[in-house]
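Enquirer: In order, the protein sequences belong to chains A and B.
Just so you know, we're using the working numbering here: the first sequence kicks off at 2 and counts up by one.
Just so you know, we're using the working numbering here: the second sequence kicks off at 99 and counts up by one.
One or more of the hints may lead you astray.
Quick list of the computed label-pair ranges, beta carbon to beta carbon [claimed, not checked]: (1) A:E422 - B:R238: 42 to 52 Å; (2) A:P415 - B:Q230: 41 to 51 Å; (3) B:Y184 - A:T401: 40 to 50 Å; (4) A:P400 - B:R290: 39 to 49 Å; (5) B:E121 - A:T401: 41 to 51 Å; (6) A:K413 - B:Q230: 16 to 26 Å; (7) A:F390 - B:R337: 55 to 65 Å; (8) B:T220 - A:P400: 37 to 47 Å; (9) A:P400 - B:D113: 19 to 29 Å; (10) A:G165 - B:S234: 27 to 37 Å.
Within a straight-line C-alpha distance of at most 30 Å, the following computed DSS-like cross-link-like pairs (lysine-lysine) qualify [unchecked claim]: (11) A:K456 - B:K198; (12) B:K112 - A:K460; (13) B:K198 - A:K460; (14) A:K460 - B:K249; (15) B:K225 - A:K456; (16) A:K413 - B:K206; (17) B:K227 - A:K427; (18) B:K198 - B:K227; (19) B:K112 - A:K456; (20) B:K112 - A:K427; (21) A:K456 - A:K379; (22) A:K456 - B:K227.
No wet-lab data here; the hints were simulated from the structure.
Yeah, the Cβ is synthetic: ideal placement off N, Cα and C, and Gly gets one too.
The primary structure of each chain is shown beneath.
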Amino acid sequence: MSSKSQDVEALLAQKYRHGFVTDIESDSLPPGLDETVVAAISRKKNEPRFLLEWRLKAFRHWLTMKEPNWAHVHYKPIDYQDISYYSAPRAPKNAPKSLDEVDPKLLATYAKLGIPLHERARLAGVAVDAVFDSVSVATTFKEKLGKAGVIFCSFSDAVRDHPGLIERYLGSVVPPSDNFFAALNSAVFSDGSFVFVPPGVRCPMELSTYFRINAAKTGQFERTLIIAAEAASVSYLEGCTAPMRDENQLHAAVVELVALDNAQIKYSTVQNWYPGDENGLGGIFNFVTKRGECRGHNSKISWTQVETGSAITWKYPSCILKGDNSVGEFYSVAVANNYQQADTGTKMIHIGRNTKSTIVSKGISAGHAENTYRGLVKILPSAAGARNFTQCDSLLMGPTCAAHTFPYMEVKNPTATVEHEASTSKIGEDQLFYCLQRGISAEDAVNMIVSGFCKVVFKELPMEFAVEAQNLLSVSLEGAVG
Amino acid sequence: MLKITDLSARVGGKDILKGVNLEVNAGEVHAIMGPNGSGKSTLAQILAGREDYEVTGGTVSFEGRDLLAMPTEERARAGLFLGFQYPVEIPGVNNVYLLKAALNAKRKAAGEPEVDAYEFLTLIRQKMKFMQMSESFLTRAVNEGFSGGEKKRNEVLQMLVLEPKLAILDETDSGLDIDALKVVSAGVNSLRDPTRAVVLVTHYQRLLDYVIPDQVHVLSGGRILKSGDSSLARELEKRGYDWVLETRVA
């Protein structure tokens with residue numbers, strides 16, 4: 002091996018910066034899963050009857066289901082009885098009413114992660130819901146949002162304060178029986194975020210949820226539900242991190258988006274769960290179901306994801322384009338290094354007339370990683386004039402990684418237009434040599450080449466997070482921010 | 099400035115250079131000519147620091163330093179520039195951004211502050227005008243979708259901005275129409291000065307009508323077989339390389 006490729010290897014050696022554990026007392030359920038556990042979670046959250054019934058129905062259905070095995074990922078069977086389905090930082094008797102009552106250790110944890118929860122310290126114009134293990138610990142800027150009529154709160158608060166909205170929309174995009182992990186989530190989900198933007202309102206600030214797994218042997222099963230009413234619009238971002246642990250931890254979330262007539266939802270993810278060490282030990286199993294429904298005409302849902310973490314990623318943020326002239330977008334950068342495995346992509350289901358979808362997927366593989374794009378574009382007979390454009394590019398760094406592309410297309414309307422472009426390239430020794438010969442260091446060169454490759458996706462991120470994503474990418478691939 | 103002594107090298111187990119000797123002084127322009135596969139490009143790449151080649155013997159000194167011991171990027175920062183025969187495309191990376199990073203890396207190594215953005219833009223506009231390149235090159239990605247001629251102009255543009263002490267141009271003239279050749283030649287000539295040197299690696303004498311070399315060398319079979327002044331290039335054009343090879347054998 003030439004010394005130059007050793008340089009690249011060294012640069013790829015990854016340092017995970019969020020791997021610390023917060024020492025905090027927690028209130029956890031013992032590992033194991035049966036109906037009493039489902040009922041216990043529901044009871045802890047003082048849920049209304051309909052929700053308990055909903056959970057139990059999902060649980061019973063889950064028992065009949067098999068874990069999916071079609072994804073291009075490999076892992077030892079998960080023992081679902083060895084996971085704790087609920088863990089919450091032990092709070093004083095009553096839930097904290099304001100940030101001042103939140104355990105300072107928690108505030109310190111988020112500060113360390115770069116997410117200060119005190120409003121005066123926050124990024125201007127971004128409201129945050131912080132979810133720690135199974136519960137939401139704080140939501141900022143609630144009042145300001147309230148004035149605009151926007152509801153942004155933890156899922157538990159929404160169940161308590163807006164049960165009507167929950168009953169109406171929960172499971173309306175991802176039904177509990179949708180798939181194995183969605184069914185499991187529906188049975189045991191503990192918290193998450195809820196957003197409702199009323200008709201005609203443009204949400205005055207970016208909304209974001211920051212998910213943190215802390216406790217060992219715990220699964221995180223959160224649920225996000227975002228509803229943009231007629232002509233409303235909202236931009237939402239989620240971030241995720243976890244401590245470094247040798248065992249794998251399961252994260253099985255469900256995200257549902259509903260856009261009514263003329264509404265717009267932009268959902269961005271910067272996912273940085275612990276990916277495991279350089280030998281593939283530990284890391285998060287990120288098995289997530291994300292789906293948005295453009296229920297109304299002229300509505301638009303846009304997914305942007307930057308996936309750098311997790312030992313295994315299994316997620317396909319999708320759009321059901323029901324309303325006429327509705328638009329679905331999916332912009333993705335998926336990075337897999339060391340022994341990470343990513344099987345990710347999207348589904349665009351065209352139902353309405355003149356519906357339009359765009360898919361841009363950028364996969365970066367390094368080390369021994371496996372990176373798969375899997376996408377479905379389905380045009381139903383009703384979707385006259387539907388259009389799709391798909392572009393999938395893969396970048397390989399080093400000789401031991403792999404990239405796969407599985408684009409599926411089902412076109413049942415002859416007036417539809419579907420375009421697909423794909424490319425695979427190696428981070429060329431040629432490109433690297435070219436930059437080095439211009440005096441640019443190997444580290445800067447790799448950075449430059451990778452961010453050039455991802456540029457079209459980063460452009461879609463809200464400004465504050467584009468920078469963070471870029472930094473994250475540098476860390477994931479190089480152990481240094483460039 | 100550059101002194102190559104008995105340099106030999108192999109790639110993939112095959113000996114390509116078999117004892118090259120060459121001395122280039124400041125202020126000089128040298129042309130290295132020779133048939134295909136004679137080792138011209140290999141020599142250029144080795145001087146620039148490409149790792150794929152194994153140096154099996156000899157030494158190279160650049161301004162008194164052991165060039166072969168210097169990493170690629172350090173050679174560049176010390177003022178060695180290679181104009182690539184096949185400049186690579188780097189999608190999504192802005193052409194000007196790369197050039198600015200290159201200039202700043204060089205300035206940093208020299209202990210100078212980073213170039214001011216406005217100053218840089220003024221500089222690059224002026225050089226682009228000289229190279230007769232359109233403003234669109236400011237916003238395009240590095241070599242992406244450039245024609246062969248545009249790529250070569252871009253190489254010379256980079257050279258003019260970086261102002262190297264030693265420029266090695268590997269077949270920068272190939273694939274150029276006559277107008278482009280004139281522009282590229284003017285670019286090279288503008289860099290000529292008593293403190294700098296240029297090594298032109300070329301197949302054809304054509305370029306040497308516009309950039310008159312001080313010395314011409316014929317590289318063949320991994321050795322320099324003949325050296326002379328610019329009249330040698332014209333003789334080669336007329337009589338081909340066989341003549342040199344035969345003289346050598348005789």
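Enquirer: Next step is simple, just say for each hint if it's right about the structure.
Expert: Hints versus structure:
no.: 1; hint: A:E422 - B:R238: 42 to 52 Å; result: violated (19 Å)
no.: 2; hint: A:P415 - B:Q230: 41 to 51 Å; result: holds (50 Å)
no.: 3; hint: B:Y184 - A:T401: 40 to 50 Å; result: violated (27 Å)
no.: 4; hint: A:P400 - B:R290: 39 to 49 Å; result: holds (44 Å)
no.: 5; hint: B:E121 - A:T401: 41 to 51 Å; result: holds (44 Å)
no.: 6; hint: A:K413 - B:Q230: 16 to 26 Å; result: violated (53 Å)
no.: 7; hint: A:F390 - B:R337: 55 to 65 Å; result: holds (58 Å)
no.: 8; hint: B:T220 - A:P400: 37 to 47 Å; result: holds (44 Å)
no.: 9; hint: A:P400 - B:D113: 19 to 29 Å; result: holds (27 Å)
no.: 10; hint: A:G165 - B:S234: 27 to 37 Å; result: violated (56 Å)
no.: 11; hint: A:K456 - B:K198; result: holds (18 Å)
no.: 12; hint: B:K112 - A:K460; result: violated (47 Å)
no.: 13; hint: B:K198 - A:K460; result: holds (22 Å)
no.: 14; hint: A:K460 - B:K249; result: holds (27 Å)
no.: 15; hint: B:K225 - A:K456; result: holds (27 Å)
no.: 16; hint: A:K413 - B:K206; result: violated (60 Å)
no.: 17; hint: B:K227 - A:K427; result: violated (34 Å)
no.: 18; hint: B:K198 - B:K227; result: holds (17 Å)
no.: 19; hint: B:K112 - A:K456; result: violated (41 Å)
no.: 20; hint: B:K112 - A:K427; result: holds (26 Å)
no.: 21; hint: A:K456 - A:K379; result: holds (27 Å)
no.: 22; hint: A:K456 - B:K227; result: holds (28 Å)
This entry does not satisfy hints 1, 3, 6, 10, 12, 16, 17, 19, going by the numbered hints stated previously.
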